[in-house]
Structures are given as C-alpha cells and as structure tokens.
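Read left to right, the sequence shown gives residues 1 to 229 (UniProt numbering).
This list has only true hints and no planted wrong ones.
No farther apart than 25 angstroms at their CA atoms in a straight line, the calculated lysine to any residue pairs in the SDA-like style are these:
1. Lys-212 to Pro-80
2. Lys-159 to Glu-180
3. Lys-159 to Met-149
4. Lys-159 to Gln-131
5. Lys-179 to Asn-157
6. Lys-144 to Leu-183
Pairwise CB distance ranges (calculated):
7. Gly-100 to Lys-188: 50 to 60 angstroms
8. His-181 to Gln-216: 19 to 29 angstroms
9. Thr-202 to His-72: 55 to 65 angstroms
10. Leu-79 to His-162: 35 to 45 angstroms
Keep in mind that the hints were calculated from the coordinates and are not lab data.
In this text, a Cβ means the ideal position worked out from N, Cα and C, and glycines have one as well.
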Amino acid sequence: YPCLSSSGSGNECFRLDQKCNGFRDCNDGTDESECPFFNETEIIDFKLYRFNRMQRLYENVWLWKDINIGPHGHFIFTLPVPERPALWMVSALGVSPKTGFGLLRSPLVYSGVRPIYMNVEMPTTCRQGEQVGIRVTVFNYMLKAVEVMVILSHSPNHKFIHVETLGFVEAYNPRTSQKEHQLLVWIKPQDAVQVHLPIVPTILGDVKVNIKVVSQIARDEVSRVIRVE
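All chains should be built: construct the whole structure from the sequences, respecting the hints.
Structure follows, in structure tokens:
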C-alpha cells in the first residue's frame, strides 16, 4: 500500500500487516490512520501487569474469635494485627442462656495505619547465576516529610549488584559486593518512594533476603526467601 507522502528518506509503501500495528512505517503516518478505537484499559496485559497501590480485598477474619466470658464479665486476649494499613471496624455479639442475644451498641474503630510501611516485591524462584531485582516501596503516612534509611542486610548467600553510571549493568560480569548496603531516601508527606535492589544469589537452595527501613519515627523489617535452582 502506498504512503500518501514521502520525503525521500522514509518508506514510500507499507505492507498489510503493518497497518494499525502501533508503529509509524510511513513518514506521514498513513499506515496508522483510520484505525479502530483501542482502549488500553481493556487489554489483558494491562490487567495482569498493572501496579495498583489501592487494596480493596481484605481478610476480615483475623479478628473473628469465639470465646467464653465466664462469671467475671470480661475476657482479655491478644491477636496479631495485619501489617497492611487499614481502618478496622470491630463489632461483637453475645449469647447467654439468661439474657439471650445481644450486640455491641456501636462498633469500635481501630486504625492499623503505621507511620512508615514497606512493601517488598521479588520473585520466589530463580536460576543459578541469575540477577534478581527487588522492588521496595516505602510509604509515608505521616503529615510531614521524613528521611528513611533503606537497608539490605549482609548475607553470605547473596551479593549486591552495583548499577554504574547512566544505569549501566554488565550482564555476565557485574560489579558486586557482599556488605550491608544503605540508601537514604526522602519521602514527602502522604507519599511513597520506590527503591530497586538488584542482587545475585551465590548458593543453591533457599536464600533468605532481609530488608529494613529505619527512620526517627518508626522502623519496619521484611524477610523473603527465594529458591535458587
């Protein structure tokens, strides 16, 4: 198919399979004209690989507890609170052979939001000698900016890969070190910062990776295990 115009340096024709393929094969964009409307939010890849920080699915059974109050009229127990930042509404019901069925007059409000929260994303398996990227997202839920130290703990089972100038990293022989690595980041109020930590495991089997964030207000620590085959 011919292009409508040509400057002499580009293609003057395009093939049928080049029509509406997302690339300008003609200088004037003739091959990308009169294409059907395409909504990127409807494609499967967008739904599979999008990164959304908003959670709408919560496991609300962590506080479901069946207890016997007994003659004292109260019962004290402890439960581990989920790490995810959320506002929980806690209610209660009771059954008694004398007074019957009762409900709490108004639910209790519990805030599980921490000042500093960290989310770590990394693969669960890799091959021997493969470079692994760890994405650490640090959230600041406070109303003031804060400095946070992101720490990759020392381990004899993995090495840190140094990223050179302009983001260049050698694929087969990168510069590595096995010491503890620290990175100081500045996070604005009610904002988040992503930190990428490239590593390479040095042994086969399960390798434990420990990452910490430390600030003057709070700290958090996450450990992940990657299987090296």
